[in-house]
Amino acid sequence: MTFTLATWNINSVRLREALVSRLLTEEMPDILCLQECKSPVEKMPLEAFRALGYNWCVARGQKSYNGVAILSKLPLVDAGDHDFADLGHARHVSATLGNGVTIHNCYVPAGGDIPDREQNVKFGQKLDYLTRMRDWCRSDTPRKAILVGDLNIAPREDDVWNHKALLKIVSHTPIEVDHLNALMEAGAWIDVTRKDLPEGRLYSWWSYRSPDWEAADKGRRLDHIWATPDIANAAHGSRILRAARGWLQPSDHAPVFATFDL
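The opening position of the sequence shown corresponds to residue 993 in the working numbering, with each subsequent residue numbered one higher.
Just so you know, these hints were derived from the structure itself, not from any lab.
For each residue, glycine too, the CB sits at the ideal point set by N, CA and C.
Hints are not guaranteed to be accurate.
Keeping only pairs whose Cα atoms sit at most 27 Å apart, straight-line, the calculated DSS-like set for lysine-lysine is [stated by the list, open to error]:
#: 1; residue 1: Lys1114; residue 2: Lys1210
#: 2; residue 1: Lys1114; residue 2: Lys1055
#: 3; residue 1: Lys1035; residue 2: Lys1065
#: 4; residue 1: Lys1187; residue 2: Lys1065
#: 5; residue 1: Lys1136; residue 2: Lys1055
#: 6; residue 1: Lys1187; residue 2: Lys1114
#: 7; residue 1: Lys1035; residue 2: Lys1055
#: 8; residue 1: Lys1065; residue 2: Lys1114
#: 9; residue 1: Lys1156; residue 2: Lys1114
#: 10; residue 1: Lys1136; residue 2: Lys1065
#: 11; residue 1: Lys1210; residue 2: Lys1136
#: 12; residue 1: Lys1187; residue 2: Lys1156
#: 13; residue 1: Lys1136; residue 2: Lys1160
Distance windows between CB atoms, simulated [said to hold, decoys possible]:
#: 14; residue 1: Gly1045; residue 2: Leu1240; range: 20 to 28 Å
#: 15; residue 1: Ser1004; residue 2: Lys1114; range: 13 to 21 Å
#: 16; residue 1: Lys1114; residue 2: Glu1149; range: 18 to 26 Å
#: 17; residue 1: Thr1123; residue 2: Asp1253; range: 27 to 35 Å
#: 18; residue 1: Gly1092; residue 2: Arg1201; range: 19 to 27 Å
#: 19; residue 1: Pro1190; residue 2: Asn1154; range: 18 to 26 Å
#: 20; residue 1: Lys1055; residue 2: Pro1190; range: 39 to 47 Å
#: 21; residue 1: Ser1202; residue 2: Glu1149; range: 15 to 23 Å
#: 22; residue 1: Gly1045; residue 2: Asp1078; range: 36 to 44 Å
#: 23; residue 1: Glu1149; residue 2: Leu1044; range: 35 to 43 Å
#: 24; residue 1: Leu1007; residue 2: Val1069; range: 42 to 50 Å
Model the full structure from these sequences, guided by the hints.
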């Protein structure tokens, strides 16, 4: 089985239904994982996506916040979800394909603006979320699995536009990177994107605050595709669809792609 998977923080699936449909029509991934859907499941525009051939979906929704969905042309079954930091948020959902591969779609908390858990509850929640994900991997070693989503951390120096300038900015602080690396180590996860594109600056997010995001290019790679070692070598063709950040009324994230031969 060969399939192409994409992950995209859509920042409201109802507001940006047309952008999702455009991506599905023009890029035709077999599987699309969405984060920050900001909608209960029953109000997501799933019928519009089914009309484009995406007949299978597993999702967890929440009014106005969070929300994750996996749209697929390929048959899949719901494999459950986890509330990793006991926040009551719809931030994780998983599904299993017919070949036994399980896809985990995750939306890690952003963590607020102050990188100090004593001053900022949201930052502590982010670290706790990552710790619980780490413990989950330690207790039940993932196999034949893909983990994707907006993990809200740009771990490498070349995953941000200015490493030194962002060391004290949430999403690139050393403590966040340490927590993310601990999660990766616990599941023996392999960063598929960087396996395919090992060198050079690479971004998937550009702030709405930038008046000319493309010219300024002050990006961060917050969106990830990981795989377990037993299937990581089957991954190839990684890319980020930077052009989507320039579409009309865009998300501030761009979709990330990878293809798997399994």
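Now the hints, each set against the structure:
1. Lys1114 / Lys1210: holds (24 Å)
2. Lys1114 / Lys1055: Holds, at about 19 Å.
3. Lys1035 / Lys1065: Status holds; Cα separation ~20 Å.
4. Lys1187 / Lys1065: Judged against 27 Å, a Cα distance of about 26 Å means the pair holds.
5. Lys1136 / Lys1055: violated (32 Å)
6. Lys1187 / Lys1114: violated (31 Å)
7. Lys1035 / Lys1055: holds (9 Å)
8. Lys1065 / Lys1114: violated (36 Å)
9. Lys1156 / Lys1114: Within the cut-off at roughly 23 Å; holds.
10. Lys1136 / Lys1065: OK: Lys1136 and Lys1065 at ~20 Å, within 27 Å.
11. Lys1210 / Lys1136: Status violated; Cα separation ~35 Å.
12. Lys1187 / Lys1156: Holds, at roughly 24 Å.
13. Lys1136 / Lys1160: Since the Cα atoms of Lys1136 and Lys1160 sit roughly 36 Å apart, the hinted pair is violated (cutoff 27 Å).
14. Gly1045 / Leu1240: 20 to 28 Å: holds (24 Å)
15. Ser1004 / Lys1114: 13 to 21 Å: The hinted range 13 to 21 Å holds for Ser1004 and Lys1114, with Cβ atoms some 20 Å apart.
16. Lys1114 / Glu1149: 18 to 26 Å: The hinted range 18 to 26 Å holds for Lys1114 and Glu1149, with Cβ atoms some 25 Å apart.
17. Thr1123 / Asp1253: 27 to 35 Å: Since Thr1123 and Asp1253 have Cβ atoms about 34 Å apart, the given range 27 to 35 Å holds.
18. Gly1092 / Arg1201: 19 to 27 Å: violated (43 Å)
19. Pro1190 / Asn1154: 18 to 26 Å: holds (20 Å)
20. Lys1055 / Pro1190: 39 to 47 Å: Between Lys1055 and Pro1190, where Cβ atoms are some 41 Å apart, the hint holds.
21. Ser1202 / Glu1149: 15 to 23 Å: 21 Å Cβ-Cβ, so the 15 to 23 Å window holds.
22. Gly1045 / Asp1078: 36 to 44 Å: Check passed, 37 Å falls within 36 to 44 Å.
23. Glu1149 / Leu1044: 35 to 43 Å: The hint (35 to 43 Å, Cβ to Cβ) holds, given that Glu1149 and Leu1044 are roughly 39 Å apart.
24. Leu1007 / Val1069: 42 to 50 Å: Violated, since Leu1007 and Val1069 (Cβ atoms, about 29 Å apart) do not stay within the stated range.
In summary, the numbered hints that this structure violates are 5, 6, 8, 11, 13, 18, 24.
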